[in-house]
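Between the sequences and the hints, there should be enough to build the whole structure, so can you do that?
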Amino acid sequence: MDYEQSPDRVVGTAAVGSGGHPKKAPVPVKIIVAGGFGVGKTTTVGAISEISPLTTEAEMTSASVGIDNPGQATMKTTTTIAMDFGVLTIDQTLKLYIFGTPGQSRFAFMWDDLIKGALGALVVVDTNRIDDCYPAVDYFERAGLPFVVGVNTFNGQMSYSLDEVRWALAIREDVPVLSFDARFRGSVRDALLVVLDQALDKAIRQKSSYS
Amino acid sequence: MTYPDPDDPAHPARPSVRPFLQSGPLPAGGYRPAPADEQPPAAEQSSALRPFVITSGRTNGADPDIGMETQVTVTPGAGPVRLSPEMRAIVGLCFEPVSVAEISARLRLHLGVTRILVGDLRAAGQLDVHVLDNETPDPETIMRVIRGLRAIT
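Chain order of the listed sequences is A and B. Reminder that position 164 of the first sequence reads as 164 in the working numbering, one-by-one numbering, no gaps. Reminder that position 2 of the second sequence reads as 213 in the working numbering, one-by-one numbering, no gaps.
Treat the hints with care, since some could be wrong.
[Unchecked claim] Examples of chain B residues toward chain A, derived with CB under 7 Å: (1) I277; (2) G290; (3) V292; (4) L304; (5) S315; (6) H321; (7) V342; (8) D344; (9) N345.
[Claimed, not checked] Which chain A residues stay away from chain B? Per the calculated CB distances, all over 10 Å, these: (10) T80; (11) R129; (12) E141; (13) A170.
Honestly, the hints are just simulated from the structure, not real lab data. Backbone N, C-alpha and C fix where the C-beta goes; we use that ideal spot for every residue, glycine too.
Okay, here's the thing in structure tokens:
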């Protein structure tokens, strides 16, 4: 193939030539949506995103200690997980990314990459399977990431009250527990605004402690 | 005990391995798979090896600065260089600012592979990777996100 004359470069040159320099890159910020399987993470992401949720596959390595193979001290396992994410353009210089991530504890390795620089997290809970979200709550508590527990009410139904959910999760008083409906944009927006309030509190506390 | 030879042409590549080669609209830059004579023999015959071949065997070592949401653009005035098909496809997506996660999703490349290749392209002077100066979000930025979210209906 006459690689030097391949159309790619020509297209590339034309794009740069006509458009000048590429547009200034916006600042990306991100919020994590975490929870067990089937609690409505993808629905949540899709409700708020301006694009259909995209999926990226990540190879995750995690050290499982004596779980899969009790005979061995540690064993590294590699798993491919799919992460759905969406985007919301705040303005030309600011983009909000929403990453939906599986909540199982064995993916803790990925979460370290994922939460770096994250504003906060929404932990989605199905009251029929509250314990599915324990690993996510544990992780965000330990990592010091602001988070909010959002009970997805599906059809307006909850098996337990928010107080009962709070009791079951044994989370700190200042962690908000709210109910929302993952199918509705306004409801997801309000839940994310509570996450952002938490993020703002933390950012202000940090800033004042530095200065 | 015998294993099927991965290089044996009698075992065709699984169709699921690199779907972006087979269908879907071409991304900007008109990416097409390169003819076989440009590829190393292993890549040519066994797509099961691809992820490792693409990254020259590296499975980790991606630059920690390159996050999933990190924005990437083509370097203005970058000189023409020989690039692998995957790298050309990545460059072809970056005329507008785009995140690493979007590159991974649109090209159906694993996130880890994408991060490594983006790092390579940055080192080769083809891509600008916009690493944030301040990793912890500042209150002003968060306020802007809050105002932006409140504005949507």
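Which of the stated hints cannot be reconciled with the structure, identified by number in ascending sequence? Checked against the structure, the hints that fail are numbers 1, 2, 3, 4, 7, 8, 9, 10, while the rest are satisfied.
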